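> First to last, the sequence lines map onto chains A and B. For the first sequence, the working numbering assigns the number 1 to the initial residue and increments by one for each residue that follows. For the second sequence, the working numbering assigns the number 1 to the initial residue and increments by one for each residue that follows.
In short, the hints are calculated from the structure, not lab data. It is possible that part of the hints are untrue.
What the hints assert, rightly or not - Within a straight-line C-alpha distance of at most 30 Å, the following computed DSS-like cross-link-like pairs (lysine-lysine) qualify:
hint : chain 1 : residue 1 : chain 2 : residue 2
1    : B       : 328       : A       : 288
2    : A       : 279       : A       : 159
3    : A       : 279       : A       : 161
4    : B       : 212       : A       : 283
5    : B       : 328       : A       : 279
6    : A       : 279       : B       : 212
Stated by the list, open to error - If the Cβ cut is set under 10 Å, some of the chain B residues that face chain A in the computed set are:
hint : residue
7    : 27
8    : 137
9    : 208
10   : 209
Quantities reported herein were computed from a predicted structural model and do not represent experimental measurements. We treat Cβ as the ideally placed atom computed from N, Cα and C, and that holds for glycine.
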Amino acid sequence: MLTLQAVLDGLLLGILFALIAYGMALQWGVMNIINIAQGDLVILGGYIAYFMYLYGIHPAWGVIVSPIIMYFVGVVIYKLVINKVVDRDLFISILATFGISILFMQLMNFAFGADVVLANSGYGTTMLFDNSVTLPNSKIFSAFISIVFAIGLVIYMKKSKLGRAIRATAQNARAAKILGVDTEKVYAATFGINAALCGVAGALISITFTIHPYMGLPYTIRSFMIVIVAGLGNLPGVAMSGMGLGVFEEFADYILGTEFRIGSVFLLLVLILVYRRFKLSRKREYLK
Amino acid sequence: MKNNLILYGAILVFGIAAPFIFPAFKVQLSILCILIILAITWNVQGGEMGYNTFGNILFYGLGMYLCASVQVGMFFPLGEWTEGGGEKTFVHTPAQFFQGFAVGLAVAAVVPAIIAGLIGYSILGLRGHYFAICTLGLGVAAGEISGGIEIIGAGQGFTTPPFPNVDRLEARGEFFYFCSFIVLVFTFLAVKAIYSTRFKLVLNAIRDNEDKAEAMGIQTMKYKIIGWMISAFFCGLAGGIMGGLVGYIDSTDVAFDGREMGVFMVLMAILGGKGTLWGPVIGATLFHIFKEGFWTFFLGWQYVALGVLIVVIVIYFPEGIMGWLREKYPERFGEVVDEADRKAQVTLK
């Protein structure tokens, strides 16, 4: 039954990863930047929910409040830093967001302390299959909310004016500009939406798991991994590979031990990249 | 040429005299040497070859662990040493300490170079940002995994053998300073020698257009791997010395410290100007002075300052000091400038 437990845990966890990866794919596809601070935005969103919990508001409301605050945080980051790296080499964006990541990490450490914290939702647990599988209700809740947000965003991107502008800019920024799309605004909104998604995911993580100022980088790496496995703009792929990664992680946790959990995630990234490199090099191509 | 010799001589004399002129700064000077080594070796990949790596920290950390493990393991059981308080039960005699350190350094240089050669074929096949992220993952994975291995101290860290009691109190600082200074001189000369051969041209060709370089019949992979092995060799040496200097190895905070050393080496090379011989040296020196000068004021806020510094340097100063100088005085860099041509140039907007 441990196997079933791990699979279920992994799937529920993976949906959350997929939500973060969706934001990553969005900004990568539209603005051609890789945001190393993605994970730190997630953690910041988590702290917003945690603070609501500290002040006696039920942390589930963080799912609404956190993305609103994070949207503005994202826009501010865009105005200050990201708009200067959009057209440049990808490595510049990696390094610049690495700087933002370090900055956020340390600011969160000052503001919230270095303790591992958890916003207790008090949702209780569900027992399945003669009490052999334990599922905290908060995990089910978080998976449900993630799916709602993901579907909502897909519809928004398809139907709304801004969504169409974002997709047009992703296809060809110059042509979009010529046709009257204010790409600067589109970029700011994209980064804001990405930050808002991170905020939702962070609030859910603070309810289901734990948050800590230095836990950001693994989330970045996970979302990067999910995006390169699924490819840009392939939403079902993002969801599937997110859940696959979640299951992998739970199994690594059970088999290798918790101390190797993060290490195995990073190692998996290296292995996936190397696998794809060898696969492509047969055709004398490389990852682009 | 003559001017250069005088300059090198002056730097060498200053390097040898420095610990006696500034006896209070011996440790800082040693760290400066290590930082310059790391910046120079990063520049071989990031500057000359165009492969922006975050993974050189892997070799640095490996060298650190290997040097300390060999130094202890040659004379005492390693497992008991790291289990706790090994440095109190087992004491190195001076002869044992220096022997162990010498062998340890040799291992710390050779093994990372071999590992770089082994993984090079797989990793260096990636390009651009995939390479950057892959090496970032490699460095963090190494830190996380080494933090779970019992025999090298796991989460509680590894205390390197303390410097043996010799008569002079100053000896420890001077020993480590001269170790790092000699390695620095060795690294600089080696890299300078490499840069004056065809090898550098090949690396630059890879940076400018790898496909074309391949089409011209250059076996790019071979050169990339050799370049990485050279970097790994010196990074390992630097790590080994740093381990002895710090006296304590922790998997994520000292050895595979991607958040500090791993970023520092990139930042120093960019600050000085990538793709130049002197850029990383100047960048590392300035960075270290800035870091030590301001860290004390920023007490506790140093990472905030570091984050801001990264963003500012990367966005506003990506060419670095040497790049800026080159822009300003192109004649000094051997570029032929036609005065009339320069005046005729119009900046396109």
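> Taking the hints in turn, state whether each one holds.
Cross-check of the supplied hints:
no., hint, verdict
1, B:328 / A:288, "violated, 35 Å"
2, A:279 / A:159, "violated, 38 Å"
3, A:279 / A:161, "violated, 40 Å"
4, B:212 / A:283, "holds, 17 Å"
5, B:328 / A:279, "violated, 46 Å"
6, A:279 / B:212, "holds, 22 Å"
7, 27, "violated, 24 Å"
8, 137, "holds, 4 Å"
9, 208, "violated, 14 Å"
10, 209, "violated, 13 Å"
The structure is inconsistent with the numbered hints 1, 2, 3, 5, 7, 9, 10, although it conforms to all the rest.
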